[in-house]
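Asker: For the protein sequence lines, the chains are A and B, in the order given.
One point on numbering: in the working numbering, the residue at position 193 of the first sequence is 193, and numbering is uninterrupted.
One point on numbering: in the working numbering, the residue at position 119 of the second sequence is 119, and numbering is uninterrupted.
These are calculated hints, taken from the structure and not from any lab test.
One or more hints might be untrue.
One-sided excerpt, in silico: chain B residues whose CB lies under 7 Å from chain A [to be verified]:
#1 15
#2 67
#3 90
#4 108
#5 113
#6 114
#7 186
#8 188
#9 226
#10 233
#11 240
By construction, the Cβ of each residue, glycine as well, lies at the ideal position given by its N, Cα and C atoms.
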Amino acid sequence: MRIYALAVYLFLYIPIGIIALFSFNAGRHASQFQGFSTQWYGKALSNPFVMDALTTSLTVALSSAVLATLFGTMAAMALQSVRGRLRLAFDALIYIAVMVPGIVIGIATLIALVTVFDWLNPILAAIWPLADAAPKLTLGYGSLIAAHGLFAMALVIIIVRARMAGMDRSLIEASADLGATPWGTFRQVTLPQIFPGILAGFLLAFTFSFDDFIIAFFVAGSQTTLPIYVFSSIRRGVTPEINAIGTMVLGVSLLLLVAAQAILQRGRKAG
Amino acid sequence: MQRRDLKTWLFLAPAGAWFLCMLVLPLIVVFVFSFGERGAAGGYVPAFTFDNFLNLGARWAAFKNTLILAPLGTLICLLIAYPLAYFLALRTSPRWRTVLLILVIVPFWTSILIRSYAWIYLLGGQGIPSLLNALGLGNPRLINTPFAVLVGIVYGYLPLMVFPIYVALERLDKRLLEASSDLGSPPWRSFLQVTLPLSMPGVATGCMLVFILLMGEFLIPAMLGGGKVFFIGNALVDLFLQSRNWAFGSAVAVALVLVMLVTVAAYLHFTRRWAGGRDDVSLM
């Protein structure tokens, strides 16, 4: 039984380990380790295309995670006092957002936005005071942030709600009985209790956006995120530079995940 | 009906608007477009026709591949995941359990792109095949085969299968197992008559989650199947980004969602029949 478990863990981690190992390979060869070197990290980090893609990915991940955490937490709090059809509708939307595969979300967002933009752009051009300077809506940062934010928001709502379910409601009542304002109660009682959930939700939202390929593939327009860059590079062949980028991407996600997990665990013990 | 004050509405408004614009509207557009026609230069022309659905057979190969490899991948995931989940839930000390569980879940949250890339590396010419060759076991072609896609699938989705089964087994009342053995059942019999039936809700949840996600998979077949092993997801990318046939592509997407809805309905039907079929799965 132990040996079996060990084998499964090896299966899960050896491929990742090999990617990491060969990112430090001095040579180009994909099966022989020819000495330790960090040259491929240097190459990756001085490649302007990689840095552009990384900037785009970080901007999108940060913006969508911040917006999703803010609006998701607000919604999770409001949903506590909502029953009936509105509650059912929100529950359904959250599950649809999580369950519909990324590829369907991607194509649906693509054709919906392109159709709406085709329809809005002539109107914008007509009503804009300076005809030449009229803004033109296109796919790009906005659509990436909006599409990633959707899934991320559903994630935040689920996590914050789970956290709220384990919250001691009598504390809130006590706080109100003792004369605290609703804002004071929120800041001093509710927020400290749900904060681990909010932070974990933020970290997961960021990780999701940073790693997502399929939705971005459809709605990125002329922008290139890091996963899109990596995908198109892989099609041109396996290089140690991709290993270096991949190892960094895995490292960032692992760090954020461990942080999210630690926050949730500590929150559970304190709560 | 309960009184809803202004604050509740204000707090729900941004999330609600986001859901409407980025989820409800796009899904409605796909549904409407699936009855339309292709424009001369690609894109969409309004129409009301069922031609796109009648024409789905044109992409039969993609549907066939998906409907064979997705259930097969789900089954292999289940067979590998169950013993591991069993080990984690019933054979580890609580101190190790959390760490081991986190180690299973963490890969699921890291980039599937990079994890599939790892297998391009391992299954490609300079990886396992050259190793086998050096050992004198021939030089099999592994990359760009259905086998490679299956390996990628199992690698990608195993964590998602382990977790719900683990949750079901961990909740299992251990006294039932003691009772069973006190009454003289050999361990294999206790397993078949107590453990296995009680873990079925977890098995069903894991299978449903993995199967649904596999139905929409694009990356793994694209990277490890080399254009030879084609899923519905790959057909969708082709239809929307290369041939720009939005109407037909929408019909394929609608068909995909329908297959998934049938799966979920079947899942709900079965879990409702099992007593205690509540399983609030969370992945963190």
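Asker: Does each hint fit the structure? Answer for all of them.
Answerer: These are the hints, each one checked on the structure:
no., hint, verdict
1, 15, "holds (4 Å)"
2, 67, "violated (15 Å)"
3, 90, "violated (10 Å)"
4, 108, "violated (10 Å)"
5, 113, "holds (5 Å)"
6, 114, "holds (4 Å)"
7, 186, "violated (17 Å)"
8, 188, "violated (14 Å)"
9, 226, "violated (10 Å)"
10, 233, "holds (5 Å)"
11, 240, "holds (5 Å)"
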